[in-house]
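Heads up: the protein sequence lines correspond to chains D and U, in order.
According to our numbering, the stretch in the first sequence is residues 302 to 812, in order.
According to our numbering, the stretch in the second sequence is residues 17 to 329, in order.
Possibly wrong hints are sitting among the right ones.
Examples of chain D residues lying across from chain U (beta carbon under 7 Å, computed) [as the list claims (entries may be wrong)]:
(1) Leu345
(2) Ala350
(3) Cys362
(4) Gly363
(5) Leu431
(6) Pro437
(7) Ser441
(8) Ile459
(9) Trp464
(10) Ser482
(11) Tyr706
(12) Ala708
Quick look at which bits of chain D chain U covers, simulated, 3 or more residues with Cβ under 8 Å [stated by the list, open to error]:
(13) 445-452
(14) 471-479
Please keep in mind that the hints were generated in silico from the structure rather than gathered at the bench.
C-beta atoms are modelled at their ideal positions from N, C-alpha and C, and glycine is treated no differently.
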Amino acid sequence: MARKTVNIELNRVEGDLEFQVDLEGDRVADARCIGTLFRGFEQLLIGRAPKDALVITPRVCGICGTAHLFTTALALERMNDVPVPAHATIIRNLCLMAENVQSDIRQTFLFFAPDLLNPRYADHALAPALEKAFKPLQGSVVLSALDVSRTLVEIVAIFGGQWPHSTYMIPGGVTRPATVSDIIDCREIVDKAVRWFEKEVVGDSLDNWLSLDTAERFLEWVDEPAHRDTALGLFTRFARDQGLHTYGAGTDQFLSAGAHYDPVEWQAPYGEQRTLLAGGVYDGATHKIEAFRPELITEHVRHSWYRPYPDGRHPFEGETVPDYQPESDRYSWAKAPRYDDRVVETGPLAELLTGGDALIVDLLKKEGANTWLRQFARLRRASVLLDLMRAQLKALSQELNNPHYLAPADGSLDDGDGFGFVQAARGTLGHWVQVRNGEITRYQIVTPTAWNASPKDSAGRHGHWEQSVIGLPLTDIDNPIEISHVVRSHDPCLVCTVHFVGAGKKVRYGV
Amino acid sequence: MATMLWLQTGACSGDTMSLLNAHGPSLESLVANGDIQVLWHPSISTEPTSHLAKLIEQIEKGERELDILCVEGSLITGPYGTGMFDSFRGRAKIDIVRALAGQAQAVLAVGSCAAFGGIPAAPPNPTDCTGMQFTRDTAGGMFDTAWRSKSGMPVINLGGCPTHPLTITRTLAMLAQGLPVELDAHNRPTAFFNQMVHQGCTRNEYHEYDVEDTELGGRACMFFNLGCQGPTTMANCNSELWNQRSSKTRAGVPCFGCTSPNFPKNGDLFRTEKMGEVPVTLPLGVSRGHYMAYKNLAQAAAPMRVRDKKMDT
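Could you put the whole structure together from the sequences, leaning on the hints where they help?
Set out below in structure tokens:
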């Protein structure tokens, strides 16, 4: 059958993404995920003082700067096992949770939901209700989501002075301690967000909602009158009616490095991740979880525009030497990260699977990975974090008289190799730093979107996004909304896939 | 109602996030009040990107009026001046910006990247990027110094990494409501860049009495040892609190001078270069002789409560 190559038009993507698919008939036969921007952040860090990375890496991404800052601090601390007090770890956790919940809310209601208003669905019985809730800048849920998301990041401003882009996490702790007023202010902010979530999103108490632990119970619950017309009810009923729970699986390997550090257990010398939500690699076929081992991470460049090297390289051995050859079988400026030579998915779904959220695990067992579940997991994760934030605030109130910062010993940032991981809004984020004689000599960042949006690797394995659309039938080639749903369910963020550089628009037929 | 088109060039979306954080006026209230009509914003618009292509074509041909062009992100000219490190539909974004800016009544560089080049323009500037009408502190960037938008204004530089939320929405409101926009020497609106970060800093008394921190995490002044540029940076961070809550210096984070054309400075960002005991760069307009004399006196006069750093953070 003749192949037809089409470019998929996407906006509401952070950064620049081109998604190109080959169609056979109405079915996606091949897919290429291409970025169009190169910013060279890793190169800017070479030769600078180690702490400068605390100012520069948050600017990699305006949406998840707190995550980059946290990861930089962890990487610098690990170089020579700089101790960090519990007081600081809790503040770091709270700020990252606030940033992630903010992102989950905005992604769902500002970026994902507008596709539910696509002209394709204009005649659907739920269309008027969807319009009322999700119309950009006007829908009731959109307006309240904007309000609550901008309130949530006030938590970061309380401890860091501003959001986005601040530098309040430093090797050894944070720049200011929590006060009694902070505890009260943060509680007020979290409680406001919880009330919003209960009223607008689920129509139930947070406790009831979080106690739903099986697919069956959830599906009954969502059809009850109190829940069916909420934001989650509308999204779930409509998405499942359109079959979003039946496509877009991709790989069945889910990676999380573990979410949010255990303030007591996370202590120097730093070994395995000690996190509040456990990490690991969840196997979607066997439903077993294996331990997360950072040494198994490699990056391939076989299909990327970089100077070639065979197989994959660990980030400590990594190189980023541009080699732009548009007329070849290389097609992206993203590298292809692999875990133990496997293609993995990262993000809220992975975070909750390895963290053991019973409802998400049961839904995966019953229906497999899919587009609706991925987006659903994002809202679920937001509520899990709101609950955790309350617990962290309680823990913080016990730390008020303990140090928030322990000055690192002299020379502890001058030489060494370090790395760190956090669970950013879009999934596992890793930084690797090497410092010699007080200067950064190598800095490598592997972002969540690099995991999800990677091109093919040395063995020809497609990246996860590519896998998640290959085989997908399209109802209307001129309005391939199914692809939008699949890609957007991953919360695409190309700005932080820092290697990207430009590629021209191509439409080829009959290839 | 003013039409607004927002383009992202070499951006991190930080200024877009800042825009969404603005509370008074908020973007949604500017829309609801009829001040602003958003023709395009990459994070908000629902139409596919072909709609943006159509808009660009119409504006370029003069078939559609554009009142305000907002550009977020540095203007990337690499590789070799082609601009193809950052393209849209096979066309360099710098060319698109040039075409749209020529048709716009007013052009806003939102953030220090678009204004001056920002972090991506720091050495070694791997993408050969620049600001719209400045290259760091040198006048002339993508546009030469004589360039003017249709209303006769140079590019309006909303410095900041990111720009303060209220600086974005208030500037939009000023333009939409026909209020005068006065600019400083770096083409920043004086309404928001008429004071230093130092003014309103809660650590001021420590500065007055020369009580200095040598380690991060403390309560005292960060100007003398920790690289704080608050006394030399024009911005409203300490008068219009960020996210309605605080500012970097209040939180114990040195001001890195992110609204300034030379952000980020070369060299260690957490260290103050000094000649003897005195910083090389003094607070704006202060003479070295006076400052040295004053510094010793101030230190001797410092009250115990300040010397013991017992003030609130």
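We went through each hint and held it up to the structure:
About 5 Å separates the beta-carbon of D:Leu345 from the nearest beta-carbon of chain U, less than 7 Å, and the hint is met. This hint holds: D:Ala350 has a C-beta 4 Å from the nearest C-beta of chain U, less than the 7 Å allowed. Taken as an interface hint, D:Cys362 checks out: its beta carbon lies about 5 Å from the nearest beta carbon of chain U, inside 7 Å. Against a cut-off of 7 Å between C-beta atoms, the interface hint on D:Gly363 holds, since the closest Cβ of chain U lies about 3 Å away.
Checking D:Leu431 against chain U by beta carbon gives a least distance of about 12 Å; that is not within 7 Å, so the hint is violated. For D:Pro437, the suggested interface contact is upheld, since its CB lies about 6 Å from the closest CB of chain U, less than 7 Å. About 12 Å separates the beta-carbon of D:Ser441 from the nearest beta-carbon of chain U, more than 7 Å, and the hint is not met. Given the 7 Å rule on beta carbons, the hint for D:Ile459 holds: about 5 Å separates it from the nearest Cβ of chain U.
Because the closest C-beta pair between D:Trp464 and chain U is about 6 Å apart, less than 7 Å, the hint holds. For D:Ser482, the shortest C-beta to C-beta distance to chain U is roughly 9 Å, which exceeds 7 Å, and the interface hint is violated. With a cut of 7 Å, the hint placing D:Tyr706 at the interface with chain U holds, because the nearest CB-to-CB distance is about 3 Å. Taking 7 Å as the C-beta contact cut-off toward chain U, the hint placing D:Ala708 at the interface holds, the least distance being around 5 Å.
Under the rule that three or more residues need a Cβ within less than 8 Å of chain U, the assignment of the segment 445-452 of chain D holds, with 3 such residues. For the segment 471-479 of chain D, the assignment as covered by chain U holds, since 7 residues bring a beta-carbon within under 8 Å of that chain's beta-carbons and 3 suffice.
Going through the hint list in order, the structure does not satisfy hints 5, 7, 10.
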